[in-house]
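**Student:** Protein sequence lines correspond, in order, to chains A and B.
All residue numbers for the first sequence refer to this note's numbering, where the first residue is 1 and numbers rise by one.
All residue numbers for the second sequence refer to this note's numbering, where the first residue is 1 and numbers rise by one.
Bear in mind the hints are in silico, worked out from the structure with no lab data behind them.
Please read all numbers here as calculations on a predicted model, not as lab measurements.
There may be inaccurate statements among the hints.
Unchecked claim - If you anchor each label on the Cβ, the simulated ranges turn out as follows: (1) MET1(A) to GLU55(B): 40 to 46 Å; (2) GLU55(A) to MET1(B): 37 to 43 Å; (3) LYS2(B) to GLN19(A): 29 to 35 Å.
Unchecked claim - 35 Å max Cα-Cα, derived DSBU-like pairs, lysine-lysine: (4) LYS42(A) to LYS2(B); (5) LYS66(A) to LYS42(B); (6) LYS2(B) to LYS13(A); (7) LYS42(B) to LYS79(A).
What the hints assert, rightly or not - Some chain B residues close to chain A (C-beta under 8 Å, calculated; not the full set): (8) ASN8; (9) ILE15; (10) VAL23; (11) GLY26; (12) GLN34; (13) VAL35; (14) ALA38; (15) GLN45; (16) LEU48; (17) GLU49; (18) ALA50; (19) ILE59; (20) LYS66; (21) LEU67; (22) ILE71.
Beta carbons are placed, not taken as given, at the ideal position from N, Cα and C, and that holds for glycine.
Number of protein chains: 2
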Amino acid sequence: MKFLAEINVMPQKEILDPQGKAVKIGLQNLGINQVSDARIGKHIQLQLEAGSEAEANQIVTDACKKLLANIIMEEFEFKLIQL
Amino acid sequence: MKFLAEINVMPQKEILDPQGKAVKIGLQNLGINQVSDARIGKHIQLQLEAGSEAEANQIVTDACKKLLANIIMEEFEFKLIQL
């Protein structure tokens, strides 16, 4: 079975996000003043082969914990789409 | 009305994604061989104030085109959640 994993890795809520702050200021400089908060993270798409959805879930969790997210400063969430 | 915009900015499909390639190799080095393709982009959360969903849609499209995405090399999509 082929799956597409759509993963979001975001800075944890308690942690300052200087990139998000820069984006907010950049938007204001462009005249877009309606934005009160901006947070920036990564969006990762993985295509993978797995025997079941549970196995795919396990592989993606593993990939996030070992490589894609720094779990001290970031949190991740993902959804799986069967292709 | 308050909205949360969940934006994904990804490299266009025709464009090489060296960061994605590096992630694929990194996963293989960790023994995760089931991943056949990886693409890396940005995930951006904006909180904004708008009179209607159509107005929020317009503000976020504007922000993406003017600042958040380089539309020559990247594509963006987003969904709006009313808070």
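**Student:** If a hint holds in the structure, say so; if it does not, say that too.
**Tutor:** Hints and how they fare:
1. MET1(A) to GLU55(B): 40 to 46 Å: Check passed, 42 Å falls within 40 to 46 Å.
2. GLU55(A) to MET1(B): 37 to 43 Å: 42 Å, holds
3. LYS2(B) to GLN19(A): 29 to 35 Å: Taking Cβ atoms as reference, LYS2(B) and GLN19(A) lie about 22 Å apart, which means the hint is violated.
4. LYS42(A) to LYS2(B): The given pair, whose Cα atoms are some 24 Å apart, holds under the 35 Å limit.
5. LYS66(A) to LYS42(B): 20 Å, holds
6. LYS2(B) to LYS13(A): Between LYS2(B) and LYS13(A) the Cα gap is close to 19 Å, so the pair holds against 35 Å.
7. LYS42(B) to LYS79(A): Holds - the C-alpha atoms of LYS79(A) and LYS42(B) are around 16 Å apart, at most 35 Å.
8. ASN8: Given a least distance of 5 Å, the restraint on ASN8(B) holds.
9. ILE15: 14 Å, violated
10. VAL23: 7 Å, holds
11. GLY26: Nearest chain A Cβ about 5 Å off; hint holds.
12. GLN34: 5 Å, holds
13. VAL35: Given a least distance of 5 Å, the restraint on VAL35(B) holds.
14. ALA38: 5 Å, holds
15. GLN45: Because about 5 Å separates GLN45(B) from the closest Cβ in chain A, which is inside the 8 Å limit, the hint holds.
16. LEU48: At 5 Å from the nearest chain A Cβ, LEU48(B) passes the 8 Å test, so the hint holds.
17. GLU49: Since the shortest Cβ distance to chain A is 5 Å, the answer is holds.
18. ALA50: At 6 Å from the nearest chain A Cβ, ALA50(B) passes the 8 Å test, so the hint holds.
19. ILE59: Holds: closest Cβ of chain A sits about 5 Å from ILE59(B), inside 8 Å.
20. LYS66: 5 Å, holds
21. LEU67: Where the cut-off is 8 Å and the nearest Cβ of chain A is about 5 Å from LEU67(B), the hint holds.
22. ILE71: 15 Å, violated
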